[in-house]
Amino acid sequence: MKKQTTTCKEVMSHICDSLGEDLNSTKCTNIKQHLDSCPTCQKYFESVESTVHFYKKYDVKLDNEGHERLLSILGLNDLDE
Amino acid sequence: MKDTSNKITDEQLIAEAVEGSNKALAELVKRYEQTVYNFAFKVCRNKDRAENAMQETFMSMVKSLKQFSGKSKLSTWLYTIVSNHCLMLARSQKKYDYTSLENEDGLINDKNILDWKFSPEKLADNEELKNILDEAISKLPHDYRVVFILRDVEGLSTQETSEIAKLTVPAVKSRLHRARAFLRNELNKTLHV
Chain A
1 MKKQTTTCKE VMSHICDSLG EDLNSTKCTN IKQHLDSCPT CQKYFESVES
51 TVHFYKKYDV KLDNEGHERL LSILGLNDLD E
Chain B
1 MKDTSNKITD EQLIAEAVEG SNKALAELVK RYEQTVYNFA FKVCRNKDRA
51 ENAMQETFMS MVKSLKQFSG KSKLSTWLYT IVSNHCLMLA RSQKKYDYTS
101 LENEDGLIND KNILDWKFSP EKLADNEELK NILDEAISKL PHDYRVVFIL
151 RDVEGLSTQE TSEIAKLTVP AVKSRLHRAR AFLRNELNKT LHV
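Chains as they are written, first to last, in my numbering: chain A, 1 to 81; chain B, 1 to 193.
No incorrect hints appear here.
List of simulated lysine-lysine pairs, DSS-like, C-alpha gap at most 27 Å:
hint, chain 1, residue 1, chain 2, residue 2
1, B, Lys139, B, Lys47
2, B, Lys63, B, Lys7
3, A, Lys61, B, Lys30
4, B, Lys130, B, Lys117
5, B, Lys47, B, Lys130
6, A, Lys56, B, Lys139
7, A, Lys32, A, Lys9
8, B, Lys111, A, Lys32
9, A, Lys61, B, Lys73
10, A, Lys61, B, Lys139
11, B, Lys30, B, Lys73
12, A, Lys56, A, Lys32
13, B, Lys73, A, Lys56
14, B, Lys173, A, Lys32
15, B, Lys7, A, Lys61
16, B, Lys189, A, Lys57
17, B, Lys71, B, Lys166
18, A, Lys61, B, Lys47
19, A, Lys9, B, Lys139
20, A, Lys43, B, Lys173
21, A, Lys56, B, Lys30
One side only, chain B facing chain A, incomplete, derived with CB under 7 Å:
hint, residue
22, Asn22
23, Tyr37
24, Glu51
25, Ile108
26, Ile113
27, Val153
28, Ala181
Read the hints as simulated data drawn from the structure, not as lab findings. Backbone N, C-alpha and C define an ideal beta-carbon position, used for all residues, glycine too.
I would like the entire structure built from these sequences, with the hints used as guidance.
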């Protein structure tokens, strides 16, 4: 699971730091190599990604009553088409 | 936030609204109400408070539209206003008990990596899962929550997030890092197989 210079904890920290960003910098080479060969870190990576996706997918819709209340408060309800 | 009309730009609508056109104002409200409401809900985790924050935000917009310089996008300005209203609402509540994220070392635990029983695709109509998500993010301090939502959920840049949250870029990065690790750990406690 561990390589000589890069620990799982470092990789996990890096995942939280740079999720969604460019991992092609020289600085990231060791991290990428470790990630490619470590199932534990891959699982961690996936769980952080899933965390973000859970919150992305959790949307709420403003219903029509809420829309009407807003326009009424702003004095714009007569203009709604 | 996406511009839903190809015909009239935000800038044109703002100019018309400043000149007194209520029709232009109504169009601006219509264009951004869903995004503002959704963002407010994601910060407040409560529909009534989200609607309250949305109403306050548009009242502020109407009041201050003349002062809008146009240096930033209207959406950035609205995110700033709604973030402030959400913060004021949070402060006005009697009780809020946030988790301290100062101890970064404890946020990463390489001994507790488990499979999760739910994927994000299972979220629709799963109230239990929604409650778990609400509870986890409610423990985040307000500034961490706003940074996480702006950056990861709404997809804004680090620079835009720093302007809206009134934080330096390094402070945004640090809060995002800790918020991701914290939320991941919280979900891991309840979502593991």
